[in-house]
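Q: As they're listed, the protein sequences go chains Z and C. By the count of the working numbering, the first sequence reaches residue 253 at its end, each step adding exactly one. By the count of the working numbering, the second sequence reaches residue 253 at its end, each step adding exactly one.
Be careful, since some hints might not be right.
As the list claims (entries may be wrong) - Here chain C is said to cover these stretches of chain Z; the calculated rule only asks that three of the stretch's residues, wherever they fall, bring their Cβ under 8 angstroms from a Cβ of chain C:
no., segment
1, 10–16
2, 45–54
3, 101–108
To be verified - Beta-carbon label-pair distances, calculated as ranges:
no., chain 1, residue 1, chain 2, residue 2, range
4, C, 245, Z, 231, 32 to 42 angstroms
5, Z, 101, C, 100, 15 to 25 angstroms
6, Z, 220, C, 246, 28 to 38 angstroms
Bear in mind the hints are in silico, worked out from the structure with no lab data behind them. Cβ atoms here follow ideal geometry from the backbone N, Cα and C, with glycine treated the same way.
One letter stands for each residue in the lines below.
Protein chains: 2
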Amino acid sequence: MPPYDLSAFPPFAVTVDLVVLTVRRHALCALAVRRGEPPYQGRWALPGGFVRADEDLEAAAARELAEETGLHAHPTGPPPANGAHLEQLATYGDPKRDPRMRVVSVAHLVLAPDLPAPRAGGDARSVRWAPVDALLAPETGLVRDEEQTAPLAFDHARILADGVERARSKIEYSSLATAFCPQEFTVGELRRVYEAVWGVALDPRNFHRKVTGTPGFLVPTGGTTTRQGGRPAQLFRAGGATVLNPPMLRPEI
Amino acid sequence: MPPYDLSAFPPFAVTVDLVVLTVRRHALCALAVRRGEPPYQGRWALPGGFVRADEDLEAAAARELAEETGLHAHPTGPPPANGAHLEQLATYGDPKRDPRMRVVSVAHLVLAPDLPAPRAGGDARSVRWAPVDALLAPETGLVRDEEQTAPLAFDHARILADGVERARSKIEYSSLATAFCPQEFTVGELRRVYEAVWGVALDPRNFHRKVTGTPGFLVPTGGTTTRQGGRPAQLFRAGGATVLNPPMLRPEI
DNA sequence: AGAATAGTGTCTATGAGACAGTATGAG
DNA sequence: CTCATACTGTCTCATAGACACTATTCT
Chain Z
1 MPPYDLSAFP
11 PFAVTVDLVV
21 LTVRRHALCA
31 LAVRRGEPPY
41 QGRWALPGGF
51 VRADEDLEAA
61 AARELAEETG
71 LHAHPTGPPP
81 ANGAHLEQLA
91 TYGDPKRDPR
101 MRVVSVAHLV
111 LAPDLPAPRA
121 GGDARSVRWA
131 PVDALLAPET
141 GLVRDEEQTA
151 PLAFDHARIL
161 ADGVERARSK
171 IEYSSLATAF
181 CPQEFTVGEL
191 RRVYEAVWGV
201 ALDPRNFHRK
211 VTGTPGFLVP
221 TGGTTTRQGG
231 RPAQLFRAGG
241 ATVLNPPMLR
251 PEI
Chain C
1 MPPYDLSAFP
11 PFAVTVDLVV
21 LTVRRHALCA
31 LAVRRGEPPY
41 QGRWALPGGF
51 VRADEDLEAA
61 AARELAEETG
71 LHAHPTGPPP
81 ANGAHLEQLA
91 TYGDPKRDPR
101 MRVVSVAHLV
111 LAPDLPAPRA
121 GGDARSVRWA
131 PVDALLAPET
141 GLVRDEEQTA
151 PLAFDHARIL
161 ADGVERARSK
171 IEYSSLATAF
181 CPQEFTVGEL
191 RRVYEAVWGV
201 ALDPRNFHRK
211 VTGTPGFLVP
221 TGGTTTRQGG
231 RPAQLFRAGG
241 ATVLNPPMLR
251 PEI
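From just these sequences and the hints, can you work out the full model?
A: As structure tokens, this is what we get:
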């Protein structure tokens with residue numbers, strides 16, 4: 001078969017799916033949308049959609065993100081405003097992953113601060129933040145939830161699990177945990193992000209020493225806040241450093 | 001636009017491209033094929049090809065690898081025979097990356113030991129191992145090479161650079177460097193893999209202490225070899241461990 | 001006062017880097 | 001013999017983890 005014989009390749013549909021993560025009420029949550037049509041009608045799924053004919057993959061992901069949440073993503077570089085971090089996650093192309101046609105989905109990972117309202121374009125009942133534990137619970141539904149969310153449609157549970165694992169490992173050796181925080185945040189708030197994403201408790205004193213001692217990780221803004229109660233805490237912005245060396249260590253077990 | 005309106009999505013061609021890396025003569029090398037047709041006729045490119053209509057992405061990558069090199073890949077799990085490590089790398093979908101049509105390429109990374117002959121299916125002049133430094137050299141060709149290899153066709157320089165960076169970082173925290181070694185190897189041979197991939201010199205004594213002291217990384221086979229000269233060295237196989245904790249530290253600078 | 005959170009200091013165990021010194025082969 | 005490589009041991013410094021202690025607010 002000569003390469004690029006224009007009649008010799010099978011046609012594919014290409015979509016982007018989004019794993020949008022945030023930390024709400026001390027829990028790692030993902031954005032889920034309810035499917036209005038078959039297949040998997042009524043089930044929860046990851047947001048996503050078709051890549052347009054002249055659109056880059058990353059642009060398609062940013063467009064879908066804006067349509068679903070109103071969030072503006074900055075694929076690389078530091079957060080200028082209240083933007084979200086966006087990166088490509090992986091591509092899923094099992095021939096049977098969609099029962100109707102051959103669809104290859106390029107999944108993207110988005111890390112966003114909590115504050116933005118969950119939606120901007122759709123209707124309120126069809127999009128929500130759900131704890132990833134509930135979305136990934138075994139199909140018997142062991143997790144008590146006001147509304148059953150698992151199992152996700154298609155192979156989206158696998159995609160979500162891959163995205164969560166990527167986020168868990170990336171905050172070890174990068175400063176990406178700050179993408180879950182508002183523009184100004186305290187050391188304690190950053191620690192609660194780590195605790196929620198990793199699902200562990202960290203020693204506040206050692207954590208404080210570690211993050212404030214890593215050059216370029218945090219930049220003090222001069223302000224303080226008491227929004228967490230207790231003694232006023234310094235406010236910080238994310239510094240220019242993107243990689244942490246040495247990394248944050250995720251406690252074993 | 002209703003989702004999955006079968007007439008509402010633009011058609012894409014989906015390909016797999018392969019970044020096949022090995023260590024030869026103390027240098028990190030990648031597999032390159034010479035293009036026989038336009039565009040970029042006569043230029044070097046990464047091996048790859050179309051994904052078939054009912055073929056998984058990983059299966060397509062393994063098939064292309066076997067067609068180009070005769071290597072058999074085992075996507076996950078330990079090397080049973082002289083297989084190569086294969087994993088998905090990233091997906092490239094710039095609308096203009098191929099001048100003729102919309103092509104989305106799912107790049108895969110392959111790490112292989114040196115021994116296998118460079119090719120099995122094509123003709124000898126159209127496929128070769130080339131040092132990644134030469135393939136990624138600036139277009140002015142600062143690297144002296146018997147035959148100019150850079151710049152690669154399409155966006156393959158970017159793909160190769162991403163694959164090399166992935167390999168460089170993965171051998172820090174995983175036992176994947178053993179994928180570059182034959183089934184049985186010495187500590188010194190493993191060290192030369194690290195030195196070639198990272199492009200640095202490592203202290204042989206500290207390296208020996210580190211790798212032999214990490215549980216599950218190396219399993220002694222009982223044999224010895226003098227193929228490197230000097231005092232006979234113990235032979236090892238790769239152990240069951242896949243992640244290294246604590247990781248190998250890549251020297252700075 | 002008591003509770004809650006922020007922040008500092010101190011000790012210890014672990015591991016990386018530097019490097020002395022010994023072991024065992026090939027020529 | 002020399003040379004090359006393999007391997008062991010020892011010292012020092014950096015840092016993670018454990019945890020005592022102080023600081024500053026709110027109720």
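Q: Against each hint, give a clear statement of whether it holds in the structure.
A: These are the hints, each one checked on the structure:
no.	hint	in the structure
1	10–16	holds (count 5)
2	45–54	holds (count 6)
3	101–108	holds (count 4)
4	C/245 to Z/231: 32 to 42 angstroms	holds (36 angstroms)
5	Z/101 to C/100: 15 to 25 angstroms	holds (24 angstroms)
6	Z/220 to C/246: 28 to 38 angstroms	holds (31 angstroms)
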